[in-house]
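Asker: Starting from the known structure of chain L, fit chains U, A, S and W onto it as the hints suggest.
What follows is each chain in one-letter form.
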Amino acid sequence: MGLLGSDERPRDVILGTLDDLINMARSRSMWPLTFGIACCAIEMMATWDPKIDADRFGMFFRNTPRQADVMIVSGTVNKKLAKRLRRLYDQMAEPKWVISMGACANQGGPFRQGYSVVEGVDKIVPVDVYIPGCPPRPEALLQALLLLRDKIADRELRYKKPREIPADYEIMAEPGKDGRIPVL
Amino acid sequence: MSQIPIPEDRHFRPRLFGYDPQKSRPWLERAVYSAYVFVFWLLVITTYAGVPALFGALGWDSGWGFVFMRALQVVLLFLLSAVLALLLILVLRKYLGKVQERFGPMHYGPAGGIQTIFDALKLLAKEDFVPAAADVLTFRLAPAVTFVASFAMFAVIPFASGWVLADTNVGLVYLIAVSTLSTYGVLLGGVSSGNKWALIGALRAGAQMVSYEIPLALVFLTVAVWSGTLSLSGIVDAQLGLWNFLPLALPFVLYVIASLAELKHIPFDFPEAESELIAGYNVEYSGMSFAFFFLAEFVELFLLPALIVVFFFGGWHGPLFGLEPGSLAAGALESLYFTLKTAVWVWIFLWIRATLPRYRDDQLMEFAWKAMIPLALFGLVLAAYMRLIWR
Amino acid sequence: MSTMNLEPVPGRTDEMIVNMGPQHPATHGVLRVVLGLEGERITRAVPHIGYLHRNHEKIEEARTYPMVIPYTDRMDYVSGTQNELPFVLAIEDMLGVEVPDRARKIRTMFFELFRLASHLVWMGTAMLDLGAISPFLYTFWDREIILGIVEKTAGARMLPNYYTFGGVRRDVHPDFFKEVADLLDHLERRMVDYEHLVLESPVVHARTIGVGVLSKERAIARGVSGPVLRASGVAYDVRKAFPYDAYPDVEFEIPTSPDGDTYARFWVRFQEMYQSIRILRQLLELTPKTGPFKGKAPARIKPPAGERYRAVENSRGELGVFVISDGTDKPYRVKHRGAAFSNLQIIPDLFIGAKFSDAIAILSSLDPVFGEIDR
Amino acid sequence: MSLLQEVWQAVKAIGTGMATVHKRVYEEAPTEFYPYVKPDLPPVSVQSLALVENEDGSERCIVCLQCERACPAQVITIERHRNPEGKGFLIDRFDIDLVNCMYCAACVEACPVSSIVTIQDFEMSTYDLRTLRADIDFLHEQARNSRQWYSPKFGVEIRTEDGRIEKAPPEMQPGGLAEILKPAEEVDS
Amino acid sequence: MELRLKQERLFDEDIYTVHPEDYRALCEKLKADGFDFPRAVSGIDTGYGLRVTLHLTRLHDRAKVTVRTDVRYENPVVASVTDLWPGVEWYEREAYDMLGVRFSGHPDLRRILLEDEWELHPLLKRYDTGGYPIPGWEPKAWPDPDPWTPPPPPEPEAGEAGEGGEAS
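Protein chains in written order, with my numbering: chain L, 1 to 184; chain U, 1 to 391; chain A, 1 to 375; chain S, 1 to 189; chain W, 1 to 168.
The following block holds chain L by itself, in its conformation from the complex (with noise of 0.2 Å):
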């Protein structure tokens, strides 16, 4: 990152680096919320047991979600579940990240074809790392966590840019075919 000879911006010698320093310490004390819902949330508790051991890289559950940093969206949400959900990430203060853990909060995975089943968490919340499995392995939930650790240290202050809500969040809310009333 060299001040001179580069196209991009100047980059301010000190609040870069606090910059740097602050998304560092963030990226490096992710506190996800406990919040399990299905399937993944039991292979969610494995990753924090003594055989994978999350916390070695400074991640422990909060259970409040003004307190914690990343929400680990495990299992599938239904349209019951779906405004509960998106009202949780709304509590949680920013900066905060997502992880939608496993094929249904994906895209809804094997019952993607039912009928109150949301297809994909990202509609309702804007999710960072996906993690694909049914259920992921312990493995692959700390792997996402480290893919989350590396786009946080990576970026400027969240807190400048908020998140915007997906451009179909809207539309999921129109009522349905058949009468239904769809509770987005």
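A few of these clues could be false.
Claimed, not checked - With a Cα cut of at most 20 Å, we get these calculated DMTMM-like pairs of lysine to aspartate or glutamate:
| no. | chain 1 | residue 1 | chain 2 | residue 2 |
| --- | --- | --- | --- | --- |
| 1 | L | K83 | W | D116 |
| 2 | A | K216 | W | D33 |
| 3 | W | K29 | W | E8 |
| 4 | A | K178 | S | D40 |
| 5 | A | K355 | U | D362 |
| 6 | W | K125 | A | D329 |
| 7 | A | K294 | S | E109 |
| 8 | L | K123 | S | D128 |
| 9 | U | K370 | S | E6 |
| 10 | W | K29 | A | E217 |
| 11 | L | K83 | W | E119 |
| 12 | S | K12 | A | E195 |
| 13 | A | K240 | W | D12 |
| 14 | W | K29 | W | D83 |
| 15 | A | K289 | A | E179 |
| 16 | W | K31 | A | E217 |
What the hints assert, rightly or not - Chain S regions said to be covered by chain L (calculated; three or more residues, Cβ under 8 Å):
| no. | stretch |
| --- | --- |
| 17 | 34-42 |
| 18 | 115-129 |
In case anyone wonders, no lab produced these hints; they're calculated from the structure. Beta carbons: idealized from backbone N, C-alpha and C, even for Gly.
Answerer: Just chains U, A, S and W, lined up with the frame of chain L:
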């Protein structure tokens, strides 16, 4: 089978890892803890010996100079409590890791040594949120009240002979007054959050306080009766021959239990009760406000074991190896003894945290009112009687 | 509809309506209970479920019979292959498929392994609810060992899709029997520690004894099954009552307790783990090391038109499936009877009058798993 | 007396519990240092899917659509056309939606030629879901990047250093493959 | 009173097919017979109407019994047996939720898995997996002349796949 190398050129998948396997390095962990303890010790020496010596040399040890000296000492103590919290959180996580057959934080910094610094920085930069239903002023005030109340206990803690900010002869009364205040912070925070879980947590904190404060005060009284003084330095001095935990065994046990309750520590962590009240009184706090609650909790986790040491384990007493009492070297050694004795008690508290489940809140109250208060009264009478006979 | 959303009673100021869940650390998933609290005492409790409803029964109507098996896995996700068994048994009944003896024994071994895994998860999370952190980590490590054994044979840790009509999908790994024997030795050592940490702990005694008492009559009428029913003194166990697979060949007891309180439910689960170890030890002796692992099932599964209700005793109680076939290769209707679904109905019975902290202990002793409840 | 005994019992039990916990300090932690040490997965472990080609680079898949029909989650999409020069079919499109796949390995069970196989690559997390739509090139590449894979018909196969595909030695094989692993002459006799 | 019912034996359980008006009376009789353990209540869309199947067990001698009754789509009302076996409360709610069977006398009949505002009864055969109506779906005719007797089992070769199955 696991040695099959994964090819490097996976075009679309982000790659992460090119590190060598890491192993647990116990000597490194010990070095990290020792470094923290050393910094802590240095800060203690600077606060209690360095600053007065400096001001004395400059001739500013009276009038406004004295006030400045005390202010500087308080600033240093604040630094010291920050170091303490960083250390204790790290130790807690590493110790929990150890007893749970895993490793605590270990990949950031030497043996995970700067993990808590990252945590603190992150909390510093995190959004500090005030809920719409909250009473803003009280909500903002509560963490400060909690922290200041815990921090104020430092004033009367003697780290070595003469190494105390205010060697007042009403030290015990001050302690009772100040330690109660920290519960007010919890109460205010819980009630002002506008959250039902926080409210329940706050109510539990209040209920808990009225149950443990009375036996705690009775134990203070017992110690005062036995030592014949209300000053903490005097209490330590009175234990020169015999540490109090032997003659005052019953009050000592009661004091440990009451300390656990005052700390809101497992098995009595009802106001926080992670699995019941989500996070209890601090459920709505985020960012720095939460960090202050955290800080207060861990400062108390040092101070209450420190008080156990002061009251029952001879405070700073220990072999001086011929050093002249009152000298800087002797003071340093004494403060080290004090710190190490406290560390043992902190470890015991952490050990309890790692083992025990949580009681129900009414069980503590029942226990406090039906067992601890009569026993504390009995201990008081017994101590007074023994004092009459023996001294 | 007074209980719909639990409106506050007008003029009553001493009651606080608290919404617990779906994101509450002690709800083991996505249960939501709306509680009326008078101080710490619960005056009203209305459970809300359905936050994990993912259309199992509707989707399974659109799948062929072999395709349904991996879906059943996802119901009681803590106890893996146990869910597959009632469906497999029902279809085998309808088809008249013979299951080789060795396959039945292998199935039973996996069944009991997953019972151990499930009870270990229960123990860890129950102790976490009560406030103790360490047992959670210990039990999860033991569970990892079990899952490692399962993965080596079945190919997946939690939801292996291992049973099939007429037996199991593939033979056990050559190391399987030795590893299971080692596991049982290991578990027997660890159970001593768990007794110290859970059953003998005075704090656990204080929290659980006399809390959430469920009477025998109420338990039966509510359709409660599994450890919760047996803790109320009813020796009803599908493994004994309607034996299936290799259970007629092994000796075991049904632990029951007359107390019906939370501690009894803890105790019964502990004894079940001992019984599982006992069953597995017998099966280690009984199971032939080599032999057929799969009977002759038709390539295209098309049961004759008819219906069948089969039940097994999974970790939570009677897990039943009611399959209706219309003669095609897809089930006409699959109805799952989740044990936890029935067990969870007693929440209002047990919660009302209890302290809030007791409610947490009671809930953890019911051990709900929401994949099975909401389906 | 009984009260004292009760108190003593409680103290003893708490002490036993604390000793039980403390005992762990002296035991070695079973932690696998995951990102630094890859887990030792059994060869049958289903972590991802791949499509194996023959040694000469020709397609093993005969496009029989068995996997598509067997897939419970319905994530396999195959389009084919008749081979104008010989018999059989040619692949137009072979997609596996690894996002929605439930990794039950039903397709692998169904495959008559062991073309679709399971591999142990679980590190598939991604920033973008589009990376998980596996087309035939990706599936081939997954197989090419793997040194070993598993299918019920052929058991564990390994790719040797010089690019040949062989059956793995018996100690790498899971159970139930005795007849597959027998040497050819033994099968004949 | 003579109950309008038909009894069969299938595998190890007795199956009673009963007129919906007599369903409650039969259940009371079974309760008096000592069938104390409710296993499940299943709602089924048979193509011509809705069916409620109740599985019961007698714990002491492990006798199993299945009671089933058919109602029309137009008036899917079945008497609730929640007061006999409180354990069926949620199962009846589930059958209402999934199929729209209304249980008269149920203390708290509302949706259990889906949200209260929904109008969909998803397990009805007229909806596809996604909950959208299948175009051209028509209910089969109610069997005549015996209104409570279920129709004969569909012939497998008749090509009527996906419609009401019966055990014979």
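Asker: If a hint holds in the structure, say so; if it doesn't, say that too.
Answerer: Results of checking the hints against the structure:
1. Taken as a hint, the K83(L) and D116(W) pair is honoured in the structure, with Cα atoms around 14 Å apart against an allowance of 20 Å.
2. Between K216(A) and D33(W) the alpha-carbon distance is near 19 Å, which keeps this suggested pair within the 20 Å criterion.
3. Distance restraint check for K29(W) and E8(W): the Cα-Cα separation of roughly 17 Å lies within the 20 Å cut-off, and the hinted pair is therefore satisfied.
4. Proposed proximity of K178(A) and D40(S) is supported: the alpha carbons are some 18 Å apart, at most 20 Å.
5. Distance restraint check for K355(A) and D362(U): the Cα-Cα separation of roughly 9 Å lies within the 20 Å cut-off, and the hinted pair is therefore satisfied.
6. A threshold of 20 Å between alpha carbons decides the hint, and for K125(W) with D329(A) the separation of about 17 Å falls inside it, so the pair holds.
7. Among the hinted pairs, K294(A) with E109(S) is consistent with the structure: their alpha-carbon atoms are about 14 Å apart, no more than 20 Å.
8. Among the hinted pairs, K123(L) with D128(S) is consistent with the structure: their alpha-carbon atoms are about 14 Å apart, no more than 20 Å.
9. Between the alpha carbons of K370(U) and E6(S) the distance comes to roughly 16 Å, so the proposed pair stays at or under 20 Å and holds.
10. Proposed proximity of K29(W) and E217(A) is supported: the alpha carbons are some 19 Å apart, at most 20 Å.
11. A threshold of 20 Å between alpha carbons decides the hint, and for K83(L) with E119(W) the separation of about 18 Å falls inside it, so the pair holds.
12. Under the criterion of a C-alpha separation no larger than 20 Å, the hint pairing K12(S) with E195(A) is consistent with the structure, at around 14 Å.
13. Proximity of K240(A) to D12(W) is assessed by CA-CA distance (about 15 Å); at most 20 Å being required, the pair is judged to hold.
14. Only pairs whose Cα atoms come within 20 Å are accepted, and K29(W) paired with D83(W) is accepted, the gap being roughly 14 Å.
15. Simply put, K289(A) and E179(A) have alpha-carbon atoms about 13 Å apart, close enough for the 20 Å limit, and the pair holds.
16. A C-alpha spacing of about 14 Å is found between K31(W) and E217(A), which places the hinted pair at or below 20 Å, so the restraint holds.
17. For the stretch 34-42 of chain S, the stated coverage by chain L holds: 3 residues have a C-beta nearer than 8 Å to a C-beta of that chain, and at least 3 were required.
18. Counting residues of the stretch 115-129 of chain S whose C-beta lies closer than 8 Å to any C-beta of chain L gives 8; at least three are required, and the coverage claim holds.
Taken one by one, the earlier hints all hold for this structure without exception.
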